[in-house]
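Those protein sequences? They're chains H and Y, same order as listed.
Under the numbering used here, the residue at position 318 of the first sequence is numbered 318, and the numbers go up by one with no gaps.
Position in the second sequence (first residue = 1) + 1000 = the numbering used here.
There are no misleading hints in this set.
These stretches of chain Y come out as covered by chain H in the derived footprint (C-beta under 8 angstroms, 3 or more residues):
{"#": "1", "stretch": "1096-1109"}
{"#": "2", "stretch": "1113-1120"}
{"#": "3", "stretch": "1135-1146"}
{"#": "4", "stretch": "1221-1233"}
{"#": "5", "stretch": "1293-1305"}
{"#": "6", "stretch": "1308-1314"}
Restricting the straight-line Cα-Cα distance to at most 25 angstroms, the calculated cross-link-like pairs of lysine-lysine (BS3-like) are:
{"#": "7", "chain 1": "H", "residue 1": "LYS20", "chain 2": "Y", "residue 2": "LYS1122"}
{"#": "8", "chain 1": "Y", "residue 1": "LYS1135", "chain 2": "H", "residue 2": "LYS20"}
{"#": "9", "chain 1": "H", "residue 1": "LYS355", "chain 2": "Y", "residue 2": "LYS1135"}
{"#": "10", "chain 1": "H", "residue 1": "LYS422", "chain 2": "H", "residue 2": "LYS128"}
{"#": "11", "chain 1": "Y", "residue 1": "LYS1135", "chain 2": "H", "residue 2": "LYS128"}
{"#": "12", "chain 1": "Y", "residue 1": "LYS1210", "chain 2": "Y", "residue 2": "LYS1232"}
{"#": "13", "chain 1": "Y", "residue 1": "LYS1203", "chain 2": "Y", "residue 2": "LYS1232"}
{"#": "14", "chain 1": "H", "residue 1": "LYS63", "chain 2": "Y", "residue 2": "LYS1232"}
{"#": "15", "chain 1": "H", "residue 1": "LYS128", "chain 2": "H", "residue 2": "LYS355"}
{"#": "16", "chain 1": "H", "residue 1": "LYS63", "chain 2": "Y", "residue 2": "LYS1210"}
Since the hints were derived computationally from the structure, they do not count as laboratory data.
Positions of the beta carbon are idealized from the N, C-alpha and C atoms, including for glycine.
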Amino acid sequence: MIRRTIGALDERLGAASPLKRTLRYVFPDHWTFMLGEIAMYCFAILVITGIFLTFWYVPSDAKLHYAGSYVPLQGTSMSESFASVMHISFDVPAGLLIRQTHHWAADVFIVAIVLHLVRILLTGAYRKPRELNYWLGVTMLGLAILEGFLGYSLVDDLLSGMGLAIAYAVAMSIPFVGGQFAFLVWNGEFPGTSSFLPRLEILHVFLIPMAIATLLALHLAQVVRQHHTQFPEEGSERVVRGTPAWPGYALRSVGLFLVVAGVLFLLGGLVQINPIWEWGPYAPYLSTNGAQPDWYVGWLIGALRLMPPLEIVIGGYTVVPSPFWGGALFPGIVFGALYAWPALARRFHLDDRRKHNLLDRPRDNPRRTAVVVAFLVWVFTVFAAGATDRFYFRSFISYEGQVWFFRAFALLVPLLVYFVTKRVCEELRAREEHPLRSWNGSLIERNQARGFEKIVDRSDQSN
Amino acid sequence: MTPGGLFSRVVAALGGLSGLRRRRYDRQAELHQVSDPAGKKSDAVRASDEETRRREFVPPPELDETPDPRAELVVALLLIAASVAFVGFVVFYVVSEDTQLLGLCIGLGLVLAGVASALAGKRVVIQEKLTDEYKDYGDREEQIQVEDHLVEGKVGVTRRKLLFSSLAAVGAALGAAAVMPIASLGPRVGEKVYETPWSAGKKVVDETGKPITVETLSAGEFITGFPAGASKDDIGSPLVIVRLETDELELPADRAESAPGGYVAYSKICTHAGCAISLFRYPTFDETQPGPALVCPCHYSTFNPADGGKVLFGPAGRPLPQLPLRVGSGGVLEAAGGFYEPIGPSYGGIREAPGEQPL
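Chain Y extracted, bound-state conformation:
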C-alpha cells in the first residue's frame, strides 16, 4: 500500500468521509428541470435594459469526479497536525494552564482541522454544480381560499358589531393589566431625583476618610472629596475640589464667599452623562495656554472652575454644580450649604427640582 493510499484511509476514518467518492447514479437529468418560462407568468423576470446581461441561459450541472490523491494526503496531514495540537491542549492543561499555550493549541488545532475540512470539501470529494428552481410564491386562487376560510368565522353571527366591540374592550383591558407589573420594576421618579448628603457644616474628607484642610492643596492642584460619614457610591457625594489663585476666580457676585482661600468645590458627576470628572487642566504658562478647566474623560465636556462651573466646550448642557465651601474649626473644609444647582445627568424635571438653599 502506498503512503497515499494509507492516508486516504486515515482521512476516511478520521473525517467520516467514507464512500464519498462512490457515485451511485447520475442525477443530472432529474435536477435540471426548469419549468417552462412561457407557460408561467412570473413577475420576477421581465426584460429591462439593466438586465440585458442577465442570461436566461444557466450553465448545465457539472460533476467532477477526478481523484486528487495529493489533496487527500494534505487533508490527512492537516488532520494529524490538528490532533497533535489538541493533544497539546490536554497536556498543557494538565501541566501548566498557561493561557497563551492553551489558546495556541486549541486555536491552531481548530484552524488546521477547519482547513482540512474545507480542503476536503473543495478537492477530495466530488465537485458538483447543481441547479434548483427559485419558487415564485403567490397563488391568487389559494389566497382567495384562505380568505374564504377566514371569513367563514363570521357566518351565522348576528350581533357582530357588539361582539367585536366587546372583544376590543377585553383586549385593551387585558393589555393594560398585563403591562402594569412593569411599574413594579422600580420606584417613581420624584420631584427631586438626586438627593445629596451635603448640607451646611458637613465636613469634607478625602478618599481615605481624612479631613481636607486649607493646607491640603496648593494652587493648581485638585482632589476628590466626600461628605464625612456618607456613602461614596451615592452620586450626590463626590466632589472635585480645586485650588486656584484667588485672583484667578471669576465667580458670580452671589458666590463670592463660596471659595475660601481659592478652594472651589464642584459635584464630580458630569452633568452630561454622569461620568466622574477626573481631569483637571491647569495652565503652566498663562500667556499661551487656555485657563483652568475641569474635563470629563467620557465625552470631554469642559467646565470652568473659576467661573461657577460654566460649560466651556463639549456636549454638557448644564454647568457643573458648585458646592459652597467654608473653613471650619482646625482649618477643615466644610460645606457652607447644598449645591447651587441640581447635580447629575439631565432628565425632564432636572431644572424644576427645588434647589437646595445654600448659605
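Chain H extracted, bound-state conformation:
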C-alpha cells in the first residue's frame, strides 16, 4: 500500500527524493524551540475556530431588539453584529465553546509569539544570515496584535466600542494626516457608518489572516533553507545535529499540536472569557469602569495613561494631539527598535558581522542581553501601568500616586536593570553556573579511616 502510493507519486512527480529529504530533515532539540511552534499551532486553531464563527457572524450596525434565549437582554436594542455573537454564544450548539476557544487561542497566540521573540533576541538567533526571517517574525507579531484587536472589535459590545473609540482618537491624533486617515477608515466621524463593520470583518477574516499565513509560509521556508539554529552543546557552526523529521520529530510535534489544541479547548470550555452579555451592547455615551482590553493591547493603554496632557499647538493648529504619544509614537518606537535591532546591535558592537548558526546563551553576550532585558522591562512596565486602576481597587494606593510612580519607574528602572543584568551575565559566564541549578561544588564526608571521601562531585559539570 505504502509502496504503491510512493511509486505512483514518484513516477508522476519525482516525489521520492524530496520525500526522502523531508523525512530525514534534521530538527535540533531544545525546549525553547517549541515556542514558535506553539504560536503556529495557535494560528491553526484560530483559523479552524474562526471559520466556524464566520458562519454566524453578521457585520452590521443595523439596530434590532434582541429576542434570543438570554433573558436579561431580551428586548434590548442592539446592533445585528452584537446580536449575532449573542446567538453564537447562547443558541448555537457548542457555539460558546468555539467562541471562547477562539478568544483564548488569540491570547495564547500572541503570548507564544512574544516569548519566541524574546528567545530570538536573547540568543542572537536574528543575526546574519537570519535577519530576513527575524523581520518576517516581527511583522507577524504586529499583524497578530492588529488582528486580535479587530477580532474583539467586531463584536460591538461595550468593550469593543470603547476600544474602537480609543483607536479612532489615536488615528485622529496622527500629526497632519490623522483626521483624514480616521475619516477614511471609519467612513466619516466615529462611530462610523454601516460600511465600517464589514471593513473590519474582511480585514479580520481574510486579509490579515492571509497575510499572516503567507508570511508564516515564508518564515518556515526560510528555516528549512537555512536549517534551524542550535546551541553549541549539540552541533557546530557547520553541522546541525538533531532529531529527524520522521519518525521522532513528527510524532512529538503532532503531540505538541494536539496538546496546544487541547489546552485551548479546556480554557475555552472551562474558563470564561469576554462575557459580552455582561458588558452589553455599545453606544458612544456608554462606558464602564475597570474596562481592560485583551492583554496584548495593555501596553498601549498603559502608555496612553502615563503620558502627561501634552498637546503641541502652533498658531491654533494642533500639530500633535495627546493620544499620539502613547497610542502611536510608543508602539512606533517599540516596533521601530525591533525592526532596527539587528542593525543597531551591529552598530553598537553588541554583535559582529559574521554569519552565525550557533546560538548564544544569554550570558555569552552580557551587554546585548542587558539591553534586551532592559528594553523588555521598559515595555512591560508601561504594560503594568495599564492596570493601575485595578491596583487602585485592590490596594487603595492613590491612582495619581501610581501614575507618578510608573512614570519614574519606566524611565529609571530599565537603566538599573541594564547594569544588574550585565553583571549577572558576566558572573554566570565566569563561573559557568546555571542560574536555576547553580550549585556545582562537591560534597565530601569524613570516612572511618579519618580521610575525606567525595560523595557527590559536580565540580566538573557545566550547566
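With chain H's structure known, arrange chain Y on it following the hints.
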C-alpha cells in the same frame, strides 16, 4: 499474546505507527559527511575568545532501537482514554450541549492524544540523532553571472536615458492612479469635524426621553442628558450633567449664567480618546478629600466640573467642553447655546474649528 503485545498492535493500528521499529538500513555513514573545513573558507567559523567553548567536534549520530514495551502500553492507554473523551464529546453534544462538559471532553481528549503522540515520538519509535550541514550561501561567481544576465537586458538599447525616464514617469503616474480610489473610502475632513445637535433652546432629556428639570438632581448627583429628538449615537449629543452647590462653582466670569441652580453640563465624550465620561467623584468630607471631578474610565483623564471642565489630571489635552444651560418653561433644562469649545478627541484642526456662538 500478552496484553502488552495486544496493545502495541492497537497502538500501531490507531496511531499509524506500523513498521516504525523496523530499520531497513544504516544511514549513519551517509549522513555524517561534513565538507572539509580547510578546503572551504567560511566566514561563519573563525576563532575568537568568545567561541573557544564552541567545539568543532560534533557528537556522532546516535541510533537507539531499544524497545520500550511499557511506553507502548502507556501510549495505547492514553489513546484509548482520548477516544473515550471524544466519544464523550459526541454524547454530551447530543444530550446536553453544556459548554463546560463539551470543552472538558474535547480538550481532555486532545491533550491525551497529544501526550500519546509525543510519548510515542520519544519512547516508542527509534531515537535518532542525525547531522546535516548548514549551507554557507554566497557564491561570488554565481552572483556575477546573475548580474551579467541582468545587465544583458540593456545590450543594444541606444536611448537608455529616455526610456528609463519614460518608465519612471509611467510608474509614478500609475502609482498615483492606483492609490486614488483610497480617497473613496470616506468623506473629506471638513473645517468642523464634530457637528453637534445642540443650539439655544434645545431641551435636555434623559436616556428614556424624559425631560430633565431643575428638580431632577440634588447637589452631588449626576445624569446623562441628550438633546430632545436627536440621535443618541452621535458623539455630539450626550452630556454629563452634574449638580453642585452654587457656592462650589468657580466658573469663569463669562460663564456665570451657564449653570442655573448649580446644574453644569459638559460633553460626555472625553477630549482625550473619545470614551464616555461615566465617573463622578464628589467629596463627602470636604476637609480631607479633593474637590468634585468628572473622570473618564479609559485613561482616567480628570476634569473639574466646577471650573469649566479644566483638566485636573491625566492625559487629556483640552478641557471638557461645557454646554451653557438655562431653565425653560416648566423648570425643564435647555441649552442656552452651543458648546463653548469643540467637542471630541483632538485632531489637527480641532482648535481651528469656528466655535459655536453660545448665549
